[in-house]
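Here are the chains, one letter per residue:
Protein chains: 2
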Amino acid sequence: MTANRQIVLAELPGGARLAPEHFRLNEAAVPTPGEGEALLKILYVSLDAANRAWMQGATYRSAINAGDVMAGGALAEVVESRDPSLKPGDLVFADTGWQEWAVLPAKKLQKIPRIEPLTNLLSVYGVAGQTAYFGLLECGRPKAGETVVVSAAAGSVGSIVGQIAKIKGCKVIGIAGGQAKCDLLVNELGFDAAVDYKAGNVFKALRAAAPDGVDVYFDNVGGDIFEAALFNMNTFGRIACCGAVSGYDGSAPPAGPRGVPGLIVTKRLNVQGFIVSDFYDRLQPALAELKGWVDSGKLKVREDVLEGLESLPGALIGLLAGENIGKRMVKVA
Amino acid sequence: MTANRQIVLAELPGGARLAPEHFRLNEAAVPTPGEGEALLKILYVSLDAANRAWMQGATYRSAINAGDVMAGGALAEVVESRDPSLKPGDLVFADTGWQEWAVLPAKKLQKIPRIEPLTNLLSVYGVAGQTAYFGLLECGRPKAGETVVVSAAAGSVGSIVGQIAKIKGCKVIGIAGGQAKCDLLVNELGFDAAVDYKAGNVFKALRAAAPDGVDVYFDNVGGDIFEAALFNMNTFGRIACCGAVSGYDGSAPPAGPRGVPGLIVTKRLNVQGFIVSDFYDRLQPALAELKGWVDSGKLKVREDVLEGLESLPGALIGLLAGENIGKRMVKVA
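If you're matching them up, the sequences are chains A and B in order.
In this text, residue positions in the first sequence follow UniProt numbering: the first is 1, and each later residue adds one.
In this text, residue positions in the second sequence follow UniProt numbering: the first is 1, and each later residue adds one.
Bound conformation, chain A alone (with noise of 0.2 Å):
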């Protein structure tokens, strides 16, 4: 416990594709809290489409700029602190960045239950199932016998979506890229109908597999799929917008989805966006209602967990091809 390894945001990617050689390894001494604040172990760094949104400005977030430590949130265990809310063997959530050893202040410190495996506390108990949660619950509102369609649907946050959806008595359509992770949405998660992105027109295969249109639209990622799903709208149906990974690995935001406005007045859509913070208010009940599916085996929980601190780059490069399916973490300690 003599160094403190950081990747650093070496350079910031501007309109590139990220790439190895925009981090760089850091050693640093580890810091020592000071009043009021804790000494954090990190466990496990989660993987976000939203690290690399962060690269091109603030959102909901202030910007990462060149020479910061890389932001992102994860697992954490007080190792030593300073504030009577925390003790040593606590586990936290926080936006500790990509390094070994993190000092912050308590108030930034999310305290949550040890439920184990740990990897579930960043995958369905974390930001991806408490987004899958509140976007399709809230923002989507599906009713029983509805057709459900989502995006990116292998992904953390999809795999999820669709689950609770099924759960919910609707019919549900996932898109994802390739045949293996089409094969996985319909085998072992319950799926109704995949559509595989890479195959050709997702416009007609989802026509094709919702003949009688889309109630329930939750986008993951903007661009031609959301277009795709716009025209394949049900009058009064719902989009859910989670993201627009398909923006964020590059320049300038490409042009948008035909048919915006048009479709959204002549079917009468509603597009709501969100964030999963808006929703912390109801976070107690909703945890406790995933684990119920997850304990009752309604809820299967996919995630694909990396090795070692210097993974990260390639395992959020990876992230953005599309390459893992479900929750991507990286364990660090």
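Keep in mind that the hints were calculated from the coordinates and are not lab data.
Remember, predicted model here, so these are calculated numbers, not experimental data.
For each residue, glycine too, the CB sits at the ideal point set by N, CA and C.
Accuracy of the hints is not assured; some may be wrong.
Derived contacts from chain B toward chain A, CB cut-off under 7 Å, selection only [said to hold, decoys possible]: (1) ASP219; (2) ARG258; (3) ILE264; (4) ARG268; (5) LEU269; (6) ASN270; (7) GLN272; (8) PHE279.
Computed cross-link-like contacts, DSBU-like style, restricted to lysine-lysine with a CA-CA straight-line distance of at most 35 Å [to be verified]: (9) LYS298/A to LYS168/A; (10) LYS87/B to LYS108/B; (11) LYS143/B to LYS143/A; (12) LYS298/A to LYS166/A; (13) LYS300/B to LYS87/B; (14) LYS107/B to LYS143/B; (15) LYS331/B to LYS87/B; (16) LYS143/A to LYS291/B; (17) LYS108/A to LYS143/B; (18) LYS300/B to LYS143/A; (19) LYS107/B to LYS198/B; (20) LYS198/A to LYS291/A; (21) LYS41/A to LYS291/A; (22) LYS87/B to LYS198/B; (23) LYS107/A to LYS143/B.
For this one, chain A is given, so just place chain B on it according to the hints.
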């Protein structure tokens, strides 16, 4: 009363701009009502951007085809009734089409009380006023002190949206084409500011007029102006999508606004498409409130009344080019 002059849609404009040659004058016999029907004398035909949208295919209404009497709503008077619910002299609103006489089933007629001047029944108490009222209050949900922006602000709907927003205590900015319209908005209708979209960059002009951002955007136009408003929206803003006139008169839908869905997520926007008939269960109290505002002088009614059946094609073409101020209609009888 021996002939019924009609304007027929001679040819669908397809991807072209609507032009006089797409219409022709026709003469037919005055129709005779059957059981359950009424013969209507058409008084005023309403001109709406939606007239053009109907030529592009089915929307919330079936498409218009070449050879059909041009579709359109009108204020009409019952001349002969073969249904117990109607008697001669009753006023109705109906989809009569562009002609002097029409026979329609009584159940397709919306009976309306006689309020003078009759033109108000097509403007502030008609679809325009109802659309402004429900779209702003139900979809935009403005709160006192918020900033409301409306496009096509000098038009039939926009001119009422802005005035209702002022009644509700908001700061109101109208977007319109040309200095004359902008002057009217500020000097006669009480808007706080106006942006001339023909005079330069709308995004920058809006930013200057609304330095604290936009909370509610009432969209009548889509396209670049939608995009300019989107980039000025505040967190948790609402966009009421009423129409997309910029996309009506031309070929296939153009690329959508940049920032969709990315900014919808990061700003947690709610985007709601609507059509006035969605709110008809609440029509009577809405009309009563509108009438109260008109009678007390809080809401000024602007109308643009042209004369004669044969002026209808030019009236629609001009409306699509934005030449009207306030509600455009044609006096037929």
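Worksheet entry | Hints that the structure is at odds with (numbers, increasing) | Hint check: 8, 14, 16, 18, 19 and 22 fail, others pass.
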